Each structure stands twice: as C-alpha cells, then as structure tokens.
Amino acid sequence: MKRDLLLFAGFSLLVMMAPQFFRGSYLMNVLVFVGINTMLAIALNLLLGYAGQISLGHAGFFGLGAYVSGIMTTTFSVNPWVAMPVAAIVVGGLAFLIGFPILKLKGHYLAMATLGLGIIFYITFNETYEWTGGPSGLSEIPNLQVGGIIFNSDVKNFYLIWGVTLAVMLFALNLANSRVGRALRAVHDSEIAAQVLGVNARLLKVQIFALSAIICSLAGSLYAHTMTFISPTSFGFNFSIELLTMVVIGGLGSIYGSFLGAALLTLLPEILRGANDYDIVIYGGLLVVMVMYMPGGLVRGISALYRKFVKQKPETGHA
Amino acid sequence: MQFDQILQYTLSGLSTGAIYALIGIGFSIIYNATGIINFAQGEFVMLGGLFTLSCLEFLKLPLWAAIPCAIAASTLVGILFERLAIRPLKQPTPINLVIITIGGSILIRGIAMLVWGKDTHSVPPFSGDTPIAIGGATILPQHLWIFAITLIIIFLNKVYFYHTISGKAMRACSYNRRAAGLVGIDVRRMVLFSFIISSAMGAVAGIIIAPLTMTAYDVGVMLGLKGFCAAIIGGMSSGLSTVIGGLILGVLESLGAGLISSGYKDAIAFIILLLILFIRPQGLFGKSNSERV
Chain D
1 MKRDLLLFAG FSLLVMMAPQ FFRGSYLMNV LVFVGINTML AIALNLLLGY AGQISLGHAG
61 FFGLGAYVSG IMTTTFSVNP WVAMPVAAIV VGGLAFLIGF PILKLKGHYL AMATLGLGII
121 FYITFNETYE WTGGPSGLSE IPNLQVGGII FNSDVKNFYL IWGVTLAVML FALNLANSRV
181 GRALRAVHDS EIAAQVLGVN ARLLKVQIFA LSAIICSLAG SLYAHTMTFI SPTSFGFNFS
241 IELLTMVVIG GLGSIYGSFL GAALLTLLPE ILRGANDYDI VIYGGLLVVM VMYMPGGLVR
301 GISALYRKFV KQKPETGHA
Chain S
1 MQFDQILQYT LSGLSTGAIY ALIGIGFSII YNATGIINFA QGEFVMLGGL FTLSCLEFLK
61 LPLWAAIPCA IAASTLVGIL FERLAIRPLK QPTPINLVII TIGGSILIRG IAMLVWGKDT
121 HSVPPFSGDT PIAIGGATIL PQHLWIFAIT LIIIFLNKVY FYHTISGKAM RACSYNRRAA
181 GLVGIDVRRM VLFSFIISSA MGAVAGIIIA PLTMTAYDVG VMLGLKGFCA AIIGGMSSGL
241 STVIGGLILG VLESLGAGLI SSGYKDAIAF IILLLILFIR PQGLFGKSNS ERV
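First to last, the sequence lines map onto chains D and S.
Per the working numbering, residue 1 is the first one in the first sequence, and the count goes up by one each step.
Per the working numbering, residue 1 is the first one in the second sequence, and the count goes up by one each step.
Accuracy of the hints is not assured; some may be wrong.
Quick list of in silico lysine-lysine cross-link-like pairs, BS3-like style, CA-CA up to 30 Å [unchecked claim]:
1) Lys104/D to Lys158/S
2) Lys60/S to Lys106/D
3) Lys106/D to Lys118/S
4) Lys90/S to Lys158/S
5) Lys104/D to Lys265/S
6) Lys308/D to Lys106/D
7) Lys106/D to Lys90/S
It is worth saying that the hints were derived from the structure and are not from the lab.
Since the structure is predicted, the reported quantities are computational estimates derived from the model, not experimental observations.
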C-alpha cells in the first residue's frame, strides 16, 4: 500500500512539473486533453477492466455531462460550480436507472445495447437544437472561476484538469484496492461465485455503471468549461470506440494503463498530423494487434517482456 | 394523413427492411455457428457496393459480371478476416471477440477510406430508373430487384440449411458445438463457412441497395447496426423471423421518418433494439425463455 502511495505521489509530482518542461499553448492544450481522456478511460476501465462489463456508449455520458453543464450555465446563467454537480447527479441518476435493465445483458448483447444507447444520446444532442444548438454546437460556455482566478489560460486549465484527474486516479486506485474492488473482480471472474459469497452482483454492477457515468459527466462538464464550445461530433460512436481503444491498449484493470492509453491515443493523432486520414486505420490495427498479442495491455505486456528478457537471464545462466 | 402517403412510406420501408433482413441473417449465421456477434458485418455491405463500383469503373466490366466479382472480393475479405483475426485469437472471451471484431471493422473501414476516398459514390441502377406506379404510390425498378433478390437468397438459404450436408452440419454447430465436434463435424471449417456465407450475403445487400442510397466508406456502420437490430427482433434466427424483424424495422423507420420526424429516424431502430433486449431478449417471436449470454 505504501509503495502504491509513493508511486502515485511520484506520478503526481511529474505531472505537476510538466508545465516546466513543455511550454507553449499548443502543447498545454494537448496535455489538457490527455487529462480529460485519462479521466474517461479510468471511468470505462472501472466498468470494463474491473467489473468486466463492456460499454460502447460512454461518449454519450461524457456528452450529456457537457451539455447539462453547458445549457445550465448559458441558457439559465447558473454558476458553473453549481452546474457541474447537478450534471453529475442527473447523469449518474440516469445511468443508475438504465443500469438495471441494461446490465442484465451480457457480453455481445451488452455491447450492442450500450452502443444503441450512445447513438440515441448522440441523435438527441443533434436534434434538440432549441437546447443544444444542434450540429452547430453550443458556444460561449463560461470558464470556471475560483475567487479572482478565472481558468481561461492553457496553463491554468492544465492545473485545473490535472488536479481533478489526479483526484479521480487516487479515488480509482483506492477503490480498486478496497472491498468493493475485490467484489468487482469477483463479479468479473464469475458472477455466480460472487453471488454465492454474498456479493450483490446485480446492484454492484449498476452502482459501478452509475459511478463510471458520473466520472464521465464530470469530465464532460470540465471539457465544456475549459473549451467553452461543445458540439455533438465530440460525443459520437467513434469517440466511444476511441475510449475503448485507450482502455484496451493501456490494459484492462490497470489505472496507470488508462493514463498510458489515453496519453498515447491523444498524442498519436498530433504526431501523425500529416497522416491525418490514417489514424482510423491505426486505431483499428492497434485494437486487433493488442487483443491478439498483448491481451493484458501495454503496462502488463511490457513488464512481462521485461521479466522474460531481463530477469530470466541469470536463471538460464545457472541452468 | 393520406392513404397514398402511408402506402408510399410502407413500400419504401419494406425495401430497406429487406436489406436489414439480409444483413441480420448474416449476423445470425455467424452467431449461431460461433457464438460471435460480428461487429464487422456492416463493413461487408459497404465493400459490396464499393467493389461493384470499382469493377464497373476501373475494370470496365458490365454490371452482370461486376456483381459476382464484387461478391467474390468481399467474401475474400471475409475469409481473410476470419483467418487473420478470429482464428488466431488466444483468449476468445466475449469481450475480446467484441473488441477484435470492432477493431477489424475499423481497420476495414479505414482501408476502404484510403482506397475509395471519403466521397459518396453513386452506382447505376440495374434496370433504369423509370418509376412504376402502384396504387397512389410509386416505386423504382431497383425496389423490385431488392425484393426479388432477397426472396431468392432466403430461398437458397433455406435449401442450404435444410437440404445439404454442410448446411445441416452448420445447424448442428448452432445447437451444440461440442456435440457437433464429437460426431465428426469440423467445427472450425463451419466457422469459416459461416463467415463466407454471411460476408457474401452482406455484399449482396450492399450491392442491391447502393443504387438507391449511394455508397461511401462509412455506410456500413449504420446498416450493420440496423441489421443487428433486425436479427434481435427475430431472436437471432437465420430464417423467417429475422426477415420479418427486418421488414418491421424498415416499415416502422420509414413511417416514423415520414410522419414524426426524419431527424429521429435512426433513433427509432435503437429504441426498438433496447426495448426488445430489455423486455423480450429471446426475440419477438421466440418462445424459449433461454438467457442470451
């Protein structure tokens, strides 16, 4: 446990020092996106990696959080600090209610149902234009503000987003090592066995689904308030797939893996800027290759390779 | 609301419904033989249309030759997909299969985008585009082609599954893969067969609808999902109930788009999908109360 905390402290320190090394608003902006995507990937990982329940509709919860926050602060001039928790409660409540029927489904059926849900959200964002502005989006969403500090520059946004992201990470790490985390893994391995041991599998799955949606909503609200503009294209089916790719690449059930996956998939299109059209091919290829050759994800795959090639050498020497 | 209008919506709904039915049967065949929901099913629909286009424009083939070529090419992609992505999978858990078929579908779509570009392409209709009047409504000759070809395929499907050895073997796999293996059926070959049949069927669906709706590298996503919806309504059967499921979906969608709002057209299919999965996961006509796992 102490080692885990130390690791987290080290990671936080590195993150907080990042603005010293990376300068320029473009880079800061990219890192802000890495933070938001890390939150989303962790949210999906709690559901997919720990509880073993797939969701292909998480972009919908992300979008819903962004839109509830955005509409409340623009149309109704509510303070953003009030709008964010309201959005989280709305999205969490909705996910809790949908969770009961939807999580009765398993495997492929769950994937299709959540996918349908995500697309219904997406269509709703597009069609309720009197509220959301439709395809042209919602603009002039106010920035967050603490006392006299307005979070309107890239560096300030970096600290805001990463402050929250680190808090979400710490929370997820603790949750994973708690009684709940163990119960989730039990449900993942065998729902029946978990139930025999006294885990209320059905309720637990719904709760983790709602929690995951709440984290997405929080990320969505923060996205809306830092970008000040949102449009449905950011919350479509493709983004749900992108989130799935992040989680799979980083490794199912690995919180730092989610960060790695999010960072890779956010940076990759920026690096491949010239090859803009190729990124979709690369995502698909990465998914296939990862599932086939490194089903544990990068974090576990790399440490397994390390063990295989570095640590086994002395052993082979003895033999 | 005029009767003519409703007739018009119903007729055009039936023809898109026939397409959904073909795609849905493709889903069911693979699902029954392997237990996999092939998320890449829609991509074969897209490939069918676009390969036809290439055969017509680059190889300068006449339409009657271009169609079999396009079906063969799409089927080849289906075989490669099964061989390179599905068969080598070390841990074929449902989640890994979902992820790998999604990955495969994105890969196929991405490559299609690089080959054919992002533009929407039009494919010429099979026999002109003079509208035919039926009652107060009109349909195009292409609609008739769709109905006819769908009927032929459903018939061939029936013959294959009930009157040939390999079709019967595949049905055995769908009842119990282990038992099928024990009586000497090569289950892995049946898996490959199921991918061949359903990719060919997807390609046919793509070819016959392309003249009506145009085609592009990304048409497969929505068509695939709607086809899956048809299969769910039909209870994942590879027979008549999926066809009825497709037709119901097509008509409801067309009436909904015409009478309520065209913007929500795509949402209708997914609301039906969710309702069926929540309330009757065994399909609209299914009797057995087995859990879909």
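Hints, verified against the model:
Straight-line distance between C-alpha atoms of Lys104/D and Lys158/S comes to about 33 Å, which puts the hinted pair past the 30 Å bound. With a C-alpha separation of about 48 Å, the suggested pair Lys60/S and Lys106/D falls outside the 30 Å cut-off, and the hint is violated. At most 30 Å may separate the alpha-carbon atoms for a hinted pair to count; Lys106/D and Lys118/S exceed this at roughly 35 Å. At roughly 34 Å between alpha-carbon atoms, Lys90/S and Lys158/S are farther apart than 30 Å, so this suggested pair is violated.
A C-alpha spacing of about 27 Å is found between Lys104/D and Lys265/S, which places the hinted pair at or below 30 Å, so the restraint holds. Annotation: proposed proximity of Lys308/D to Lys106/D is violated, straight-line Cα distance about 35 Å (limit 30 Å). Distance restraint check for Lys106/D and Lys90/S: the Cα-Cα separation of roughly 21 Å lies within the 30 Å cut-off, and the hinted pair is therefore satisfied.
Comparing the model with each numbered hint stated earlier shows that hints 1, 2, 3, 4, 6 do not hold.
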